[in-house]
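Chain by chain, the residues run as shown.
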Amino acid sequence: MNVHDVISPRNGQRISNGMLQDNYPRNMWWVAAHRDEITEKPLARWLLETPVVLYRLADGTPAALYDRCPHRWAPLSEGHVDGSKIVCPYHGMEFDTAGNCTKAPTQNMTPDTAQIPSYPVREAGAFVWIWMGDPEAINCDPPDVHYQTDPGWSFLSGYYQVDANWVLIRENVLDLTHIAFLHKNTFKQDDWVTPPEIYMDGETVCYEQEFDLAPLSPLFCAGMGLPEDKPIKRKQIGRMPTLAISFSDWNVHDPAPEPDRRSDFVMRGCHIVTPAQRGRAHYFWGAAFDVPGLSHDVAEKTKAGVIAAFDEDKHLLEKIQAQISQDPRGMDYLEVTLGADGAGVRVRQILNKMLAAEGRSI
Amino acid sequence: MNVHDVISPRNGQRISNGMLQDNYPRNMWWVAAHRDEITEKPLARWLLETPVVLYRLADGTPAALYDRCPHRWAPLSEGHVDGSKIVCPYHGMEFDTAGNCTKAPTQNMTPDTAQIPSYPVREAGAFVWIWMGDPEAINCDPPDVHYQTDPGWSFLSGYYQVDANWVLIRENVLDLTHIAFLHKNTFKQDDWVTPPEIYMDGETVCYEQEFDLAPLSPLFCAGMGLPEDKPIKRKQIGRMPTLAISFSDWNVHDPAPEPDRRSDFVMRGCHIVTPAQRGRAHYFWGAAFDVPGLSHDVAEKTKAGVIAAFDEDKHLLEKIQAQISQDPRGMDYLEVTLGADGAGVRVRQILNKMLAAEGRSI
Amino acid sequence: MNVHDVISPRNGQRISNGMLQDNYPRNMWWVAAHRDEITEKPLARWLLETPVVLYRLADGTPAALYDRCPHRWAPLSEGHVDGSKIVCPYHGMEFDTAGNCTKAPTQNMTPDTAQIPSYPVREAGAFVWIWMGDPEAINCDPPDVHYQTDPGWSFLSGYYQVDANWVLIRENVLDLTHIAFLHKNTFKQDDWVTPPEIYMDGETVCYEQEFDLAPLSPLFCAGMGLPEDKPIKRKQIGRMPTLAISFSDWNVHDPAPEPDRRSDFVMRGCHIVTPAQRGRAHYFWGAAFDVPGLSHDVAEKTKAGVIAAFDEDKHLLEKIQAQISQDPRGMDYLEVTLGADGAGVRVRQILNKMLAAEGRSI
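First to last, the sequence lines map onto chains A, B and C.
The opening position of the first sequence corresponds to residue 19 in the working numbering, with each subsequent residue numbered one higher.
The opening position of the second sequence corresponds to residue 19 in the working numbering, with each subsequent residue numbered one higher.
The opening position of the third sequence corresponds to residue 19 in the working numbering, with each subsequent residue numbered one higher.
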């Protein structure tokens with residue numbers, strides 16, 4: 019695919035979607051897992067077409083190794099953690115977090131060659147991030163997501179394995195005009211039909227859009243303590259600091275708050291996508307309210323609503339992926355770009371640039 | 019495969035079965051669905067390796083489009099019909115039956131480029147027929163099947179998705195000597211062991227064969243009001259007007275009818291096959307009696323009997339397909355042609371000729 | 019793969035495991051089935067990537083044919099045996115054990131071309147062996163396994179289909195140092211950590227290893243009538259006469275037998291592996307005690323214990339295979355050889371030599 023093909027999101031431009039090949043930059047932070055998923059019991063997860071074992075040492079330090087013993091290829095994720103080592107289930111070989119074999123119980127010497135690739139991991143916000151590319155190339159921290167663990171916020175989240183290429187999910191969450199159609203019966207926010215203008219703030223893809231008085235999606239009313247039918251003003255702010263994560267802030271202004279009630283609230287959505295295998299991706303969502311200590315009932319109700327909506331995305335994106343995979347025309351069928359694809363087109367530009375920097379192309 | 023390889027159905031001739039590649043003519047009418055299957059609720063169906071959405075407008079007109087929105091590839095079959103338009107589930111784009119986009123709700127203009135392939139459809143008999151090839155090449159109507167909706171006949175039918183190449187089904191229903199073996203315990207018609215002579219009537223493959231007094235298969239006795247053990251005379255007439263459909267008429271003569279009873283009856287079987295995906299086909303069967311108004315009980319009993327028999331075909335053909343697909347020898351294992359393969363061999367000749375006319379070959 | 023790559027099982031040597039391609043010698047006896055599995059009801063089984071039908075004639079003679087009718091490819095395993103013939107389910111063609119068609123019921127003549135490949139089979143011990151290669155090349159009998167049906171022994175056995183390449187199983191059963199790790203909670207034999215020396219006795223891979231006083235694995239105590247915690251002396255003897263089968267003898271010496279009790283026992287394990295399809299193998303295990311007439315209860319208890327342990331192997335080997343199949347690095351990831359891999363390395367040497375003799379290579 020030629021970079022210039024996607025420079026301008028012209029209305030009606032027909033472009034090929036080479037993006038849906040399994041291409042993804044390696045030299046960046048991707049989310050490997052929610053913090054709570056990683057424990058002393060090893061977790062097997064495909065990340066960027068690589069089998070990875072994620073685990074914590076006895077002292078809580080997270081670690082990530084290539085999930086194949088160098089001896090006879092047993093998955094270490096079937097083994098166990100012993101102090102600061104992970105132990106292979108097959109013949110008991112032990113490895114440190116750098117991937118070095120520290121013990122081969124069937125013999126006295128420990129071969130230098132018994133070495134596994136290891137991956138740097140970092141905890142930030144509610145998630146553990148992983149760098150699958152060249153460790154020498156690490157030139158930044160994971161994006162700032164400290165609000166996720168800030169006690170001033172209530173952070174809800176969930177996870178889906180989606181049988182669709184990660185770009186399909188990334189583009190889905192950056193063009194929210196689909197809410198009025200795909201999520202008509204769940205979000206019930208039917209005023210977001212005209213897309214926002216997209217602009218760049220450095221490397222960050224951004225948009226801002228204001229909406230007139232209208233009831234807020236019932237999905238977020240409970241979290242803000244608002245009645246479902248009350249007209250409010252809304253400002254939607256979107257930001258995608260990296261291909262791994264984007265934010266969708268719902269800034270709500272209640273022009274007529276009840277006595278002793280706040281008039282302004284934020285629901286910060288976050289959409290995290292990580293490539294898994296061919297045509298399969300991990301999708302972690304977050305929904306955070308700038309309201310501390312949401313009750314269990316409100317949290318559960320909100321999560322149930324969000325899940326009902328995201329089930330609709332998963333269903334549709336998996337249908338699209340299946341169609342692409344099974345149709346002999348596959349990706350030869352040209353896509354028509356609309357005005358609403360401004361953010362999605364920028365995703366492709368960024369992706370192209372990053373792949374080129376890694377000496378790869380689409 | 020060389021056309022000449024299949025000219026003569028010589029006994030014991032060894033031929034390769036290149037037919038089982040997914041090759042099929044496009045410039046002909048195939049059955050897309052039973053009429054009742056197509057409603058305002060869109061139906062997704064693979065036809066000739068193409069994902070197709072079948073639906074009816076509010077006024078009942080049937081329509082067929084390529085089942086991928088030109089914008090971001092969502093299957094229109096997940097959307098809905100609104101009057102004379104089908105609406106994409108993702109961002110609400112609307113299309114007419116010619117595949118033109120008539121509305122893109124997220125913007126004012128409607129790009130000319132937003133265009134989907136559409137396919138001509140026709141209702142004939144109990145089925146909706148589709149032309150997947152060049153619309154300019156339409157030079158005929160679907161085969162005459164008006165008996166299917168003639169009130170003088172009682173028409174029963176059913177549908178199978180079969181995980182086997184369509185040619186395997188087509189050949190199966192044209193060599194009915196398998197009834198005495200594969201359907202020994204269901205058809206119980208053990209006198210059809212010698213195959214009929216095959217002749218051509220224009221483009222139609224034909225056979226006729228008379229049988230001496232013998233009980234009729236119990237599958238068809240109820241429909242004709244005959245006792246199961248009564249000896250009758252039988253004439254089998256077969257016709258295949260196109261690769262899409264063949265008829266198998268069971269002409270029954272009761273030489274000693276009960277008082278006030280007819281002595282002659284016809285059961286017209288029809289076998290409709292449509293390629294779906296690689297190694298997968300649609301099979302629609304019909305069983306029609308020239309007896310008006312069969313009772314519900316007789317109809318259900320007859321259908322149950324036919325289904326029990328056709329389950330045996332489906333099971334065996336899927337085993338054959340699985341063997342072909344998994345065996346490294348695949349289609350390199352030569353087939354031996356018998357005298358009973360006369361009709362099947364003509365199928366291959368016709369297929370070869372039609373593919374050649376479309377500039378394709380096996 | 020170069021033969022010299024695997025000559026020396028040096029500690030820490032990094033080698034590619036080209037063995038896990040689906041390569042296997044054809045000119046040797048492999049086990050097709052347990053004797054009891056083959057009856058007059060035809061059995062379909064993939065052997066060396068070939069669909070085979072295994073059956074017995076009315077007189078009990080076992081036979082094996084390629085499982086595809088030469089006419090229209092129906093699997094004969096869906097048919098039935100009639101005396102000395104197997105009958106095709108589709109059109110009733112009959113074949114003798116040499117694969118010659120002896121009857122085609124839809125016609126008078128029987129074409130010479132209607133011929134199916136047949137495979138020599140031999141019954142030896144508890145199993146039926148098959149020669150899938152050149153019948154002219156048969157130069158030996160199946161390995162001597164007469165103990166399996168010797169009334170002086172009690173022979174227990176079982177079968178697994180394993181979704182893993184046969185070499186993974188073959189190597190697993192030749193490096194029993196994995197017992198102390200993978201089978202820690204089932205075998206409970208934790209003293210077998212140091213591997214034995216490997217030597218060749220002609221073409222047979224061998225090892226012998228003695229163990230000090232220690233309780234015997236509870237899996238085998240019941241079969242020998244020993245209390246589970248009694249310290250005994252143990253000598254492990256291993257032999258692999260061909261790639262198809264290996265033996266693992268547990269020679270037990272009880273230094274303080276109860277009055278009127280024997281002091282010496284043998285449990286002869288046998289591990290039989292046969293390639294099935296890509297990444298799939300048949301695994302037959304045997305456990306024989308030199309104790310006649312084990313009670314039903316002891317036999318069942320012993321089988322349950324062995325099955326619990328071999329379930330652990332199956333689970334792990336299938337995980338390894340899945341990782342190899344799905345990981346884009348697949349077999350490019352180098353294996354590190356340890357001292358314990360002496361027998362496994364000889365397997366690769368023998369395999370290389372046999373493939374070379376058949377004009378094939380890895």
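If you are wondering where the hints come from, they were derived from the structure by calculation, not from laboratory data.
Please note: incorrect hints may appear among the correct ones.
Pairs involving identical chains hold if they fit within one copy or between any two copies, as the list cannot separate such chains.
As the list claims (entries may be wrong) - Okay, derived cross-link-like pairs now, PhoX-like style, lysine-lysine, Cα gap no bigger than 20 Å in a straight line:
(1) 59 / 371
(2) 59 / 202
(3) 371 / 103
(4) 121 / 332
(5) 253 / 321
(6) 332 / 103
(7) 253 / 59
(8) 202 / 121
(9) 371 / 248
(10) 253 / 332
(11) 202 / 103
(12) 248 / 59
(13) 332 / 248
(14) 103 / 121
(15) 248 / 319
(16) 332 / 251
(17) 59 / 103
(18) 248 / 206
Because the structure is a prediction, the values reported are computed rather than measured.
Run through the hints listed earlier and report the numbers of any the structure violates, in increasing order. 1, 3, 4, 5, 6, 7, 9, 10, 12, 13, 16
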